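This is what each chain is made of:
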Amino acid sequence: MDAAVFWILAVLAVVSGVWVFRFDSMARATFSLLTSLLCVGGLVILLGLDYLGIVIVLMMTIEMAIMAVFMVMYMMNPAGLMPMTMMHNKKGAAVVCGLVFALLAAGILLAPWPARRGKAPADPTMELGMSLMGPQMLTMMTLGLALFATIVATVVLATRRGRYDRLGDDLRARRADDPVRGGVGQ
Amino acid sequence: MAERTPLWAVFVLPALLVAVALVTAGVDAVLAAGARTGRPASLREVAVRAAGPGREVLRQLVQQPRRTRASDVPLARIGAALLPVAAVLAAVVLPLGFRSVSDLPDGIVWFNAMEALAWAAVWLAGWGPNSTLSLIGGYRFLAQGLAYELPHMLAITTAALGAESLRVGEVVDAQAGLWFAVWMPAAFGIYLLSAMAMAFWGPFDQPAGQDVAGGAAAELSGADRVLFLGGRWLLLVVAAAFSVPLFLGGGHGPLLPGWAWTVLKTAAVLAFLVWARRRIPTLRMERYLELAWVVLTPLAIAQALVVAVVVLNR
Amino acid sequence: MVLGDREAEESDWVENLWHAIPAPKARVEVTDPDRTADALDRGLTELAHGQLRGPAETSDHDHGAAAGHGEQPEADEHAEHGGHEADGDHGGHDMHTGHETHDEHDGHDMHRAHDGHDMHGGDEAHGDHDMHGGHDPHGGHHGHAGHDMGGLVDGLPMADRADDRDGLRLDRLHVPLGPALADWPAGLILRMALQGDVVQEVTVETVAVPPSPRPPSWGFRAFWDEPWLRTAAGERVSKGDAARRLCAAHLDSLGRFFAVAGWADMAARTRYVRDRALAGADAAELTPLVRPLIRRAGRSWTLRRLTTGLGVLRTGQARHAGVTGPALVADGDAHSRMLMWLDAVGRSAAACDETETLDLDGAEAIGPRGRVDGPVPPSQALLDVLPGLLEGTEFACARIIVASLDPDPDELAHVPAAGMLHG
Numbered sequence: 001m002d003a004a005v006f007w008i009l010a011v012l013a014v015v016s017g018v019w020v021f022r023f024d025s026m027a028r029a030t031f032s033l034l035t036s037l038l039c040v041g042g043l044v045i046l047l048g049l050d051y052l053g054i055v056i057v058l059m060m061t062i063e064m065a066i067m068a069v070f071m072v073m074y075m076m077n078p079a080g081l082m083p084m085t086m087m088h089n090k091k092g093a094a095v096v097c098g099l100v101f102a103l104l105a106a107g108i109l110l111a112p113w114p115a116r117r118g119k120a121p122a123d124p125t126m127e128l129g130m131s132l133m134g135p136q137m138l139t140m141m142t143l144g145l146a147l148f149a150t151i152v153a154t155v156v157l158a159t160r161r162g163r164y165d166r167l168g169d170d171l172r173a174r175r176a177d178d179p180v181r182g183g184v185g186q
Numbered sequence: 001m002a003e004r005t006p007l008w009a010v011f012v013l014p015a016l017l018v019a020v021a022l023v024t025a026g027v028d029a030v031l032a033a034g035a036r037t038g039r040p041a042s043l044r045e046v047a048v049r050a051a052g053p054g055r056e057v058l059r060q061l062v063q064q065p066r067r068t069r070a071s072d073v074p075l076a077r078i079g080a081a082l083l084p085v086a087a088v089l090a091a092v093v094l095p096l097g098f099r100s101v102s103d104l105p106d107g108i109v110w111f112n113a114m115e116a117l118a119w120a121a122v123w124l125a126g127w128g129p130n131s132t133l134s135l136i137g138g139y140r141f142l143a144q145g146l147a148y149e150l151p152h153m154l155a156i157t158t159a160a161l162g163a164e165s166l167r168v169g170e171v172v173d174a175q176a177g178l179w180f181a182v183w184m185p186a187a188f189g190i191y192l193l194s195a196m197a198m199a200f201w202g203p204f205d206q207p208a209g210q211d212v213a214g215g216a217a218a219e220l221s222g223a224d225r226v227l228f229l230g231g232r233w234l235l236l237v238v239a240a241a242f243s244v245p246l247f248l249g250g251g252h253g254p255l256l257p258g259w260a261w262t263v264l265k266t267a268a269v270l271a272f273l274v275w276a277r278r279r280i281p282t283l284r285m286e287r288y289l290e291l292a293w294v295v296l297t298p299l300a301i302a303q304a305l306v307v308a309v310v311v312l313n314r
Numbered sequence: 001m002v003l004g005d006r007e008a009e010e011s012d013w014v015e016n017l018w019h020a021i022p023a024p025k026a027r028v029e030v031t032d033p034d035r036t037a038d039a040l041d042r043g044l045t046e047l048a049h050g051q052l053r054g055p056a057e058t059s060d061h062d063h064g065a066a067a068g069h070g071e072q073p074e075a076d077e078h079a080e081h082g083g084h085e086a087d088g089d090h091g092g093h094d095m096h097t098g099h100e101t102h103d104e105h106d107g108h109d110m111h112r113a114h115d116g117h118d119m120h121g122g123d124e125a126h127g128d129h130d131m132h133g134g135h136d137p138h139g140g141h142h143g144h145a146g147h148d149m150g151g152l153v154d155g156l157p158m159a160d161r162a163d164d165r166d167g168l169r170l171d172r173l174h175v176p177l178g179p180a181l182a183d184w185p186a187g188l189i190l191r192m193a194l195q196g197d198v199v200q201e202v203t204v205e206t207v208a209v210p211p212s213p214r215p216p217s218w219g220f221r222a223f224w225d226e227p228w229l230r231t232a233a234g235e236r237v238s239k240g241d242a243a244r245r246l247c248a249a250h251l252d253s254l255g256r257f258f259a260v261a262g263w264a265d266m267a268a269r270t271r272y273v274r275d276r277a278l279a280g281a282d283a284a285e286l287t288p289l290v291r292p293l294i295r296r297a298g299r300s301w302t303l304r305r306l307t308t309g310l311g312v313l314r315t316g317q318a319r320h321a322g323v324t325g326p327a328l329v330a331d332g333d334a335h336s337r338m339l340m341w342l343d344a345v346g347r348s349a350a351a352c353d354e355t356e357t358l359d360l361d362g363a364e365a366i367g368p369r370g371r372v373d374g375p376v377p378p379s380q381a382l383l384d385v386l387p388g389l390l391e392g393t394e395f396a397c398a399r400i401i402v403a404s405l406d407p408d409p410d411e412l413a414h415v416p417a418a419g420m421l422h423g
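Protein chains in written order, with our numbering: chain R, 1 to 186; chain S, 1 to 314; chain V, 1 to 423.
Hints are computed from structural coordinates only; laboratory data are not their basis. Model, not experiment: these values are computed from the prediction.
If you anchor each label on the Cβ, the simulated ranges turn out as follows: (1) Y164/R x T308/V: 20 to 26 Å; (2) G17/R x R278/S: 43 to 49 Å; (3) A173/R x A9/S: 56 to 62 Å; (4) R299/V x F272/S: 16 to 22 Å; (5) G253/S x A173/R: 51 to 57 Å; (6) V62/S x A233/V: 51 to 57 Å; (7) R44/S x G17/R: 55 to 61 Å; (8) V294/S x R295/V: 29 to 35 Å; (9) M59/R x N313/S: 30 to 36 Å; (10) A19/S x A173/R: 51 to 57 Å; (11) V46/S x M140/R: 53 to 59 Å; (12) W183/S x P135/R: 29 to 35 Å.
From the three backbone atoms N, C-alpha and C, an ideal C-beta is built for every residue, glycine too.
Could you build the full structure based on these sequences and the hints that come with them?
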């Protein structure tokens, strides 16, 4: 049963991964990629890591849906509506792909994989949480803050309008002068 | 919790959901007709009105399908079909009384992940027909998703935090005494808002809004339309029903058996949502987003903090 | 159902609309006001018996029109009226090219009053999206993405690009809105350049009205302005009739406004009260119907939150553009214009029994949308201010702004007689 599910998901993941580059529509390519990632999520669940697998499904769905919008928005191709191809720089890409594949395959075949010691924990989610949030707590907190600071900084750098544009030179305007008004009315 | 759920439950679940959705849609149709012309004259009229959604389903199925030019039919079909599938999959962790089809150890995350599939579904259905209005509808749902998802995730995390488990069954067990809705009112309120938002229904119906002639559903016809709009009702029912194990004590209650309490509470939540829809015009996301991020998200975080402190001192 | 002249029926957009409506469908042509009831009954019979007329193929038509499937209240209305409850084919599909006042078919006199309306987009369907950007996945390879711009894909024009309001160079799509769109001033066409759902440019058009061949005694008068136009022309009109028409006109506008704002219940109720007003309900019946509406809409905190700041039109700007009606007095945004309407509805509902003659007495004849005896029809002024208000707004806001001004393209068709120019 598990083997059958594994092969179905694995083949589906690879095939839809290939189709990302075969489709000539941005929307289809994006959602083909999503299919591939969802299959990977399924494979992770199959490994017994329920939480990680489900989170992959959750994150990837939201991420790819948002990404579809951005791909359509920023493509040179107007609105992503024109038939297009995902292939660029075919020769260089082929060489890079071949090398990476060879490297990874060699790694898999040559690495001395350790044999399993002990048995799988009863609640892998709990173990995952403990190992991430226990000894690595400081790292996680620092990482979280750094990521958040990056997001804020990027937005601040990217926006064209600063607070003086919004609230006037003395920052005293009662209502911010925005192109679109928000609901809180600040 | 220990008993295994029989296999037939897998087939009963969708049928049950469809039945509840039809009843809810019927009640909604009666209220909508009542809002137009006042009280219905006779019981028969009420019945005719309540059967409206069912008739509409049949009519769609026999109607001539339409197709727009240069449309991406497979994508639109996938989008329309994905919506009910996501709703039913999310319902797998819903306990009726104290038994669900599958009480996954990460049930709450599972529910969230399945509900997020609706993001992809609505966008696909909006994109597929190659029509401006439906595309606007599809985009709107993503904007709506960004607005509601953040407070929503924090709200359901708060419930999990209160029970110290991601398993829906244990969340119910933790409410044997005090319901979470009582000591996490902010999280419960936010959850009710996001329940309507994830089903893009009622005050959150902008993705399928009247001003874009049905939005993401504008160009769907026939079976696609039935699946999409039916999937929306299923999603609403599932989202409303999920608030019962999360915040309203699941099957816990005096006298009646567990399943009866679940049904009663779900009906109450649905009735509240249907009522709320009558009172409030459509919330536009460019206004709601600010509310969601500036007010609701900090509120949800504060609520989670309170719960965390209580749980640590228990 | 197509009301009006041959020219209107044969124009392209009506044909397109007809193609876009899925079968089963029936097309009824009403050319004689006295036989409206017969024509409608015939249409229902046709639907019931499934005798399809007109071209049957609709697959792969070239515009993405959507008929507002039976969700519209009209579907039920038809079924009840026609007394047949067939599952598959009740009247949600006849093409409403009529004004929205035709929701209920018991008021046939209303149809007569509508004779002057040559062409109206109905409230059941929208059409004429002939400018979709195509994304045909089966089209040929066009080399690298982005090297073919502004071409045609599958016969549909592509999007081009322009700077958006934040200075990003993004795609834009040219989309015509109207003439037939749900809750839209019938006959109005806005050609929009959209970036995503942000309106970038707008040009206003209306469906071309052919010179009316009708005898002058029928008059070509905008329905909602009729009492004031007749008074200005020297006919006798009672104050009550004028108040009734004003009340119904504003309720009609409010119905569209609520529908676009996504408040289906209020929209349905408002339209019901409008139909009662037009059907001749007296003040004692209308006042209790109108009062809860005014209270609910006026007090709604969410509606205020959602519509303030949309389409702000200050008095000075409005006067400069020649706006004369409630939009001038409101001196503000969509919400304040709605409050003006509510206020006027309340007052006129109470006054619709007065029998004295409406006497302008040198004063201006102010109709529901403004001064009807001025040099230009009031709706023309509203249309003139529209593009300025719409640019840079989001699609939903644009719809609300249009609904809050609610120009009536009928008024444009009314050419004031020479003597009336100076009122």
